[in-house]
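Visitor: All chains, full assembly: derive it from the sequences and hints.
First to last, the protein sequences are chains A and B.
Take the first sequence: its position 279, counted from the start at 1, is 279 in this note's numbering, and no numbers get skipped.
Take the second sequence: its position 36, counted from the start at 1, is 36 in this note's numbering, and no numbers get skipped.
Simulated from the structure, these hints should not be mistaken for laboratory data.
For each residue, glycine too, the CB sits at the ideal point set by N, CA and C.
Each hint should be verified, as a subset may be incorrect.
Chain B side only, calculated, beta carbon under 10 Å to chain A, not exhaustive [claimed, not checked]:
1. 11
2. 119
3. 125
4. 148
5. 214
6. 219
7. 230
8. 258
Now for the letters of each chain:
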Amino acid sequence: MNTLKKTSLAGLFAYLSVSSVNALAADPILIGLSITQSPPGSVVQGTQVKDAMEIYRDMINSSGGVLGRPIQFVIEDNQGIPEKGRSAVEKLITKDKVVAITGTHQSSVCLSEIEVAHRYQVPYVNTNCWADSVREKGYPEVFNTSPYNSVVADSMADTIKSMKVKRVVGFAENTDYGIGLAKGLGAALKKKDPSVEFKYETLDRASKDFTPAVLTLKSNPPDVVVLTMLPPAAYIALNQLYEQGVAPSSKTIVYDGAGMADYPDFWQNVNEAGKYMLTIGMYHPDMKQTELSKQISAAYKKKTGNEPNRLIFQAVDSLVVVVEAMKQSKSTDPAKMIAALKTGTFDGARGQMKFDSNPGVSFQQWVDIPYVNYQLTDVNQNVGKTSLLQGPGMPLNIGKLQHPK
Amino acid sequence: MSLFIDLAVNGLIMGLFYALMAVGLSMIFGILRIVNFAHGEFFMIGAYVYALSAMKLGLNPWVSLVVAGIAGAILGKVIERLLMRPLYDGYQSWSIVKDEYAVVVTFALSLLLIHLVDKVVGPSPFLGPSLVSTKRIALGPLMLNGQKIIAACVSVVVLTGLALFIKKSVWGRQIQAVAQNRFGASLAGIDPVKTTSLIFAISGLLAALSGALMAPIMNPSPDVGSFPALKSFIIVVLGGMGSIWGSMAAAVLLGVMESFFAVYISYDYRDTFGLMVLIAVLLIRPHGLAGRKGRET
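Guide: Given below as structure tokens:
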């Protein structure tokens, strides 16, 4: 009886031990998402980032997870407010014990959050913060799969130079992104074509009336009006440029530096004012589609009923690098993940990603980020049917640019 | 010269829109001594009701405008009944009422309405349908937005109607009486509770109409009310807290001055200009341009 009892107890102990190991192995890996889920920040962007990341998370989990464990999100609403972002990241790291932070889509919020990630030495993958200063800080924990102002400014300056224009006016929203891109464009134009006269006006993104700024252009319209603004302010500015007959016109073209033409609500908000707008885009259906991007695209359409835009793929790519860093380092230890991120290459939705190690604006940035330049030539035009002036990695064909008659 | 006229006309139109928005806030403050932090959300609800009833239900935009105004009035009345009345019910003088509670209640209501619309309708901005089909109207050197002209005309009609209502109608006189002395009015047989309810309804109606008129111009999103609300607070202080006439004058003045300030001084500080005026008025003439010096005790 004693032997039976001992054997039973040993068996029970062994069972409990194995069960507990299995339970531990199945413990989810927590990844922190700091996104905007309520105003005043862009809830539209926050929702897109969340939807895209959930699709990729489910794909990973259904194929066995990472290191044998499922991944799980802890989501914090930063409201697009830097202070909220800072406390969200503090909470994610110290209370939730997440292994990495990602998802942020507004530069000013990124700038405050990376201070916390840097202090705790936790990997931080930037999803959509364009301000160069996020890179220039040189924090070893921060990796950037997002587009960045310098590359956008360079591309826009090349386009403007090809247009052989004399005068360009920028409308920049009063954020790190808006002012940063306008300044970057000014510097790039000075280098590439000093004959172009460029100035920009800073507009309050919370404002609803930009008419006085538009009226100053009426008597002497510039050749190009560059918008470094996000919706809804960008929509209002575009509509008011149209109302006053400033742009689009036979003389003046609007050049959007935010890639807003593929926002699902773009046409409903601008109608005729969006026609002839030239835009730099981080996604176009003519771009090379990876296997992952096709899967994400199909899943996103099924989930939301909308066509995917650049932010969907940016969000997926930022999660890809977090997941791959764990796989490549075979660890969830932040230091090991950071080491893997520094040296690894990662197959994402937009191509193969690798982070630059040079200090400055490209520090730990995926520099070969694909982009295009295209023009909307009709109202309610689908991005796939727009006039592509420059394909990814291709020379610019400015001859295709159209002006209203 | 053309720029000067353009700026004056645009400033005037914006001023009329500000006036429609600010007068309701001024009435609530001047007569009831309540700072309504949810006033911007009345504007937002008006914009949404107008746009959604026209776009989703297929109503004629003019009918939608009326529906939006009614919705604003009902919202104002409901908020007064459910949230405000418990603060003063049974009191005959506002001095007994702890009006800081109203500040907390209306601030919470503002957040609630923003988040409710964000979750129920969605976060995306959208452009409401225009009341006129012509988007651009050329008047000599001026290029005007048809909707803005309509908005300005409707604002003038509504504000004139309101002025006549307050001056000539029995209800308007009751509002004046309660504004002068709540206790005295009640002794004279006026029901202050009913009057309060009416003031909230009028305030809601004006803000909602303002939102509806601006829906085809301002691409409303759930937080669209913060911009007009801020302007309204500046106007109410500038015009004299509680003075309806002062608010109307201050609104037009602010609209025109902002327009010129933006171009001739600095666009960067255009919206700061109003706040600078606010501080200056509080320092130099705290009762505003047309306000009274004291409050009921």
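Visitor: Now tell me if each hint is right for this structure.
Guide: Now the hints, each set against the structure:
1. The beta carbon of residue 11(B) is positioned within 10 Å of a beta carbon in chain A (closest approach about 8 Å), and the interface hint is therefore held.
2. Taking 10 Å as the C-beta cut-off, the interface hint given for residue 119(B) holds, the closest approach to chain A being about 8 Å.
3. Given hint, residue 125(B) at the interface with chain A, holds; its Cβ is 4 Å from that chain's nearest Cβ, closer than 10 Å.
4. This hint holds: residue 148(B) has a C-beta 8 Å from the nearest C-beta of chain A, less than the 10 Å allowed.
5. Look at residue 214(B): its Cβ gets to within about 7 Å of chain A, closer than 10 Å, so that hint holds up.
6. Using the Cβ-Cβ criterion of 10 Å, the hint placing residue 219(B) at the interface with chain A is satisfied: the shortest such distance is roughly 4 Å.
7. Evaluation of the residue 230(B) hint against chain A yields a held restraint, the C-beta minimum of about 9 Å falling below 10 Å.
8. Annotation: residue 258(B) was flagged as interfacial toward chain A, and the flag holds, the nearest CB pair being 8 Å apart, inside 10 Å.
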